Each structure stands twice: as C-alpha cells, then as structure tokens.
Amino acid sequence: MIIGGGAVGGAVAYSLAEAGRKDILVLEKEESLATQTTSQAAGLVGQVRSTVEEVKLLMWSAETFERLQADNPESPAWRQTGS
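First residue of the sequence shown: 0, per numbering that gives the first Met the number 0; consecutive thereafter.
Since the hints were made in silico from the structure, they are not lab data. As the structure is a computational prediction, the values presented were derived from the model and not from experiment. Be aware that a few hints might be false.
To be verified - Derived DEER-like restraints, expressed as beta-carbon distance ranges:
1) VAL25 to VAL47: 27 to 37 Å
2) ARG78 to ALA10: 11 to 21 Å
3) VAL47 to LEU24: 30 to 40 Å
4) ASN71 to SER49: 24 to 34 Å
5) THR50 to GLU29: 29 to 39 Å
6) LYS21 to ARG48: 28 to 38 Å
7) THR80 to SER49: 18 to 28 Å
8) LEU24 to GLY81: 14 to 24 Å
9) LEU56 to GLY3: 12 to 22 Å
10) ASP22 to THR80: 31 to 41 Å
11) GLY81 to LEU26: 32 to 42 Å
12) GLN68 to SER31: 26 to 36 Å
13) VAL51 to GLU30: 16 to 26 Å
The beta carbon of each residue, even a glycine, is placed where N, CA and C say it ideally should be.
Using the sequences and the hints, build the whole thing.
What follows is the structure, encoded as structure tokens:
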C-alpha cells in the first residue's frame, strides 16, 4: 500500500511494477494521480552531491526520468540540460 499518488508515490508504484509486483495499491485523495505538486519542488535533478550514495541515487533518478519519457511520450517532458 502506497499513501499518496504524487511524484514519490508514483515513482514507488512504478518501480514496484517494473520489478514484477502485481499487488500494488496506491491511495490518493485527489481524483487523479500526479495532479498536485509541492511548493517546495524545484524540478531539478542535480547530480553533484557530497556522498557517493547521493550521487548514485541522483544518477539513477536521471536515468529513470529518461526511461519514463521513452516509455510514455505523453508524460511530462524530461529534458536533460547538464551532467
């Protein structure tokens, strides 16, 4: 069970589905998934961080956004403009 169908909840559900899980339940208070955003989101995936773990996570995030865009052309545009 995933509470919230925003960016994080959607990403978790997508990752579980990619891994072959069939028992995914997303609970969202809005009528549709991914219709709201947080005012704190900058929309950036900066890959320069202080730890190797953070850098690996952000590199994985950039690769995932690229794959999501390729899998679903109607999804929000992903455009990598830097490293």
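Do the hints match the structure? See the list:
Distance hint check for VAL25 and VAL47: the Cβ-Cβ separation is about 32 Å, which falls inside the suggested range of 27 to 37 Å. Range check, ARG78 to ALA10: about 18 Å between beta-carbon atoms, so the 11 to 21 Å window is met. For VAL47 and LEU24, the Cβ-Cβ distance of about 36 Å falls inside the hinted range of 30 to 40 Å, so the restraint holds. Between ASN71 and SER49 the beta carbons are some 33 Å apart, a value that agrees with the proposed interval 24 to 34 Å.
Hint check: THR50 to GLU29, Cβ distance near 35 Å, so the stated range 29 to 39 Å holds. Between LYS21 and ARG48 the CB atoms are about 34 Å apart, so this pair conforms to the stated range of 28 to 38 Å. Between THR80 and SER49 the beta carbons are some 22 Å apart, a value that agrees with the proposed interval 18 to 28 Å. At roughly 37 Å, the beta carbons of LEU24 and GLY81 sit outside the given window of 14 to 24 Å.
Under the hint 12 to 22 Å, the C-beta atoms of LEU56 and GLY3, about 20 Å apart, fit the expected range. Between ASP22 and THR80, the C-beta spacing of about 38 Å keeps the proposed range 31 to 41 Å intact. Look at GLY81 against LEU26: about 36 Å separates their beta carbons, and that is inside 32 to 42 Å. In this structure the supplied range 26 to 36 Å is violated for GLN68 paired with SER31, their Cβ-Cβ distance being about 20 Å.
A C-beta distance of roughly 41 Å is found between VAL51 and GLU30, which places it outside the suggested range of 16 to 26 Å.
When each numbered hint is compared with the structure, violations occur for hints 8, 12, 13.
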